[in-house]
Amino acid sequence: MSEEDREKAFLERARTLLDKSEEDLDANILSRLRQARTRALQGEERREPRSWHWFPFPAAAGMATALVAILVAVFYLTRPPVLEPHKSIGDLEILASSDQLDLYEDLDFYDWLAEEKEHNG
Amino acid sequence: MGRMQQNRLAMDRFLASVERRAFRMAQIATGSREEALDIVQDAMFGLVKRYSEKSEKEWKPLFFRILQSRIRDWYRRNRVRRRWRIWLDSGHKPDGKEGEDPLATLADPNAHNPAEESILADATAALDSALRTLTLRQQQAFLLRAWEGMSLRETAVAMKCSEGSVKSHYSRAVHALRNLLEEYWV
Numbered sequence: 001m002s003e004e005d006r007e008k009a010f011l012e013r014a015r016t017l018l019d020k021s022e023e024d025l026d027a028n029i030l031s032r033l034r035q036a037r038t039r040a041l042q043g044e045e046r047r048e049p050r051s052w053h054w055f056p057f058p059a060a061a062g063m064a065t066a067l068v069a070i071l072v073a074v075f076y077l078t079r080p081p082v083l084e085p086h087k088s089i090g091d092l093e094i095l096a097s098s099d100q101l102d103l104y105e106d107l108d109f110y111d112w113l114a115e116e117k118e119h120n121g
Numbered sequence: 001m002g003r004m005q006q007n008r009l010a011m012d013r014f015l016a017s018v019e020r021r022a023f024r025m026a027q028i029a030t031g032s033r034e035e036a037l038d039i040v041q042d043a044m045f046g047l048v049k050r051y052s053e054k055s056e057k058e059w060k061p062l063f064f065r066i067l068q069s070r071i072r073d074w075y076r077r078n079r080v081r082r083r084w085r086i087w088l089d090s091g092h093k094p095d096g097k098e099g100e101d102p103l104a105t106l107a108d109p110n111a112h113n114p115a116e117e118s119i120l121a122d123a124t125a126a127l128d129s130a131l132r133t134l135t136l137r138q139q140q141a142f143l144l145r146a147w148e149g150m151s152l153r154e155t156a157v158a159m160k161c162s163e164g165s166v167k168s169h170y171s172r173a174v175h176a177l178r179n180l181l182e183e184y185w186v
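Each protein sequence line maps, in turn, to chains Z and W.
For the first sequence, my numbering gives the first residue as 1, with consecutive numbering after it.
For the second sequence, my numbering gives the first residue as 1, with consecutive numbering after it.
In short, the hints are calculated from the structure, not lab data.
Note that this is a predicted model, so its numbers are computed, not measured.
One should not assume that every hint holds.
Calculated cross-link-like contacts (lysine to any residue; reagent style SDA-like; alpha-carbon spacing at most 20 Å) [claimed, not checked]:
no., chain 1, residue 1, chain 2, residue 2
1, Z, Lys20, W, Ala146
2, Z, Lys8, W, Gln5
3, Z, Lys8, W, Ser168
4, W, Lys49, W, Gln5
5, W, Lys167, Z, Glu3
6, Z, Lys20, W, Glu148
7, Z, Lys8, W, Gly149
8, W, Lys54, Z, Leu41
9, Z, Lys20, W, Arg20
10, W, Lys49, W, Asp12
11, W, Lys49, Z, Glu3
12, W, Lys167, Z, Glu4
13, Z, Lys20, W, Thr124
14, Z, Lys8, W, Glu56
15, Z, Lys8, W, Tyr170
16, W, Lys49, Z, Glu12
17, Z, Lys20, W, Ser118
18, W, Lys167, Z, Glu23
19, W, Lys167, Z, Thr38
20, W, Lys60, W, Glu154
21, W, Lys49, Z, Lys20
22, Z, Lys20, W, Tyr184
23, W, Lys54, Z, Gln42
24, W, Lys60, Z, Arg34
25, W, Lys54, W, Arg13
Where chain Z lies over chain W, by a calculated footprint (3+ residues, C-beta under 8 Å) [stated by the list, open to error]:
no., stretch
26, 14–28
27, 42–49
28, 121–133
29, 169–183
Beta carbons: idealized from backbone N, C-alpha and C, even for Gly.
Make a model of the complete structure from these sequences and hints.
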């Protein structure tokens with residue numbers, strides 16, 4: 001089998017497994033996806049991100065943020081970067097990016113439309 | 001039927017057609033069902049809120065663009081949390097050992113398992129684990145190109161990067177995944 005054929009077979013196998021995993025999603029997930037879709041179509045306000053539910057009071061959240069900031073500063077000052085060195089270069093592109101989707105999404109869309117017109121026309 | 005109602009039905013059909021795949025992409029990226037559901041829900045809101053008046057053929061690239069942006073946002077937020085957790089965890093391990101090797105879940109090629117479903121589940125778990133060892137950009141490029149079947153150009157739009165970057169990320173992803181998995185599959 002040629003190298004190209006081996007790669008093709010590998011990709012086919014990966015696709016088959018991913019397709020199967022999509023088909024096999026459990027009823028609970030499917031139901032929650034359906035609910036999310038319905039809420040999106042009705043334009044309901046999105047619930048707060050789960051990660052902040054455990055902060056009942058703004059003051060507690062502020063104190064916790066300050067504490068975390070201090071601990072993170074200590075962490076960065078006292079320890080060299082650790083782990084996943086093979087990922088760091090690829091991650092850098094994402095971590096360094098300061099794009100804010102909410103601010104720029106519409107601009108992105110018009111950029112994209114312009115590119116499409118240029119590409120097709 | 002009014003135009004608005006037709007548009008709503010079309011959007012409902014579209015979202016139903018992509019929601020499972022979107023969930024799996026987010027789940028692979030985050031390793032969490034709950035986070036993945038939040039991300040998919042956000043992406044649905046983003047599409048409906050901003051682009052439901054656009055033509056239907058524009059929905060797919062826009063939806064995946066929003067989804068990938070949400071995944072990147074999640075990744076940036078969690079990068080700090082993850083480093084913090086690793087630091088705390090390493091405090092409990094004098095030898096500084098890292099957590100469980102994600103490839104530890106790879107199926108044993110010599111294992112005897114007569115149930116086809118179980119073999120498939122093992123193979124899928126191995127693929128998920130291998131995908132999680134990639135950088136997020138490589139993972140996105142692989143899933144959008146190899147699974148979703150997007151063109152180079154569509155993938156670049158979804159990932160907000162150049163076509164050259166997509167090529168490079170995709171090629172590295174395929175190489176890494178084949179190294180990790182091929183001997184178990186062939």
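So, going through the hints one by one against the coordinates:
1. Z:Lys20 / W:Ala146: 15 Å, holds
2. Z:Lys8 / W:Gln5: The given pair, whose Cα atoms are some 43 Å apart, is violated under the 20 Å limit.
3. Z:Lys8 / W:Ser168: 18 Å, holds
4. W:Lys49 / W:Gln5: Holds, at about 15 Å.
5. W:Lys167 / Z:Glu3: This hinted pair holds, its Cα atoms lying about 18 Å apart.
6. Z:Lys20 / W:Glu148: The given pair, whose Cα atoms are some 14 Å apart, holds under the 20 Å limit.
7. Z:Lys8 / W:Gly149: Holds, at roughly 14 Å.
8. W:Lys54 / Z:Leu41: OK: Lys54 (chain W) and Leu41 (chain Z) at ~15 Å, within 20 Å.
9. Z:Lys20 / W:Arg20: Holds, at about 11 Å.
10. W:Lys49 / W:Asp12: Holds. Lys49 (chain W) to Asp12 (chain W) sits at ~13 Å (cutoff 20 Å).
11. W:Lys49 / Z:Glu3: 46 Å, violated
12. W:Lys167 / Z:Glu4: 17 Å, holds
13. Z:Lys20 / W:Thr124: Holds. Lys20 (chain Z) to Thr124 (chain W) sits at ~9 Å (cutoff 20 Å).
14. Z:Lys8 / W:Glu56: Roughly 32 Å between the alpha carbons, so the hint for Lys8 (chain Z) and Glu56 (chain W) is violated.
15. Z:Lys8 / W:Tyr170: 14 Å, holds
16. W:Lys49 / Z:Glu12: Since the Cα atoms of Lys49 (chain W) and Glu12 (chain Z) sit roughly 36 Å apart, the hinted pair is violated (cutoff 20 Å).
17. Z:Lys20 / W:Ser118: 13 Å, holds
18. W:Lys167 / Z:Glu23: Distance ~29 Å between Lys167 (chain W) and Glu23 (chain Z) Cα, so the pair is violated.
19. W:Lys167 / Z:Thr38: 36 Å, violated
20. W:Lys60 / W:Glu154: Holds, at roughly 10 Å.
21. W:Lys49 / Z:Lys20: 31 Å, violated
22. Z:Lys20 / W:Tyr184: 18 Å, holds
23. W:Lys54 / Z:Gln42: Answer holds: Lys54 (chain W) to Gln42 (chain Z) is near 18 Å, not above 20 Å.
24. W:Lys60 / Z:Arg34: 18 Å, holds
25. W:Lys54 / W:Arg13: Holds: Lys54 (chain W) and Arg13 (chain W) sit about 15 Å apart, inside 20 Å.
26. 14–28: That given contact holds, which follows from 7 residues of the stretch 14–28 of chain W lying within Cβ reach (below 8 Å) of chain Z.
27. 42–49: The restraint on the stretch 42–49 of chain W holds, since 7 of its residues have a Cβ under 8 Å from chain Z and three suffice.
28. 121–133: That given contact holds, which follows from 4 residues of the stretch 121–133 of chain W lying within Cβ reach (below 8 Å) of chain Z.
29. 169–183: holds (count 6)
Violated hints, in rising order: 2, 11, 14, 16, 18, 19 and 21; the structure is consistent with all others.
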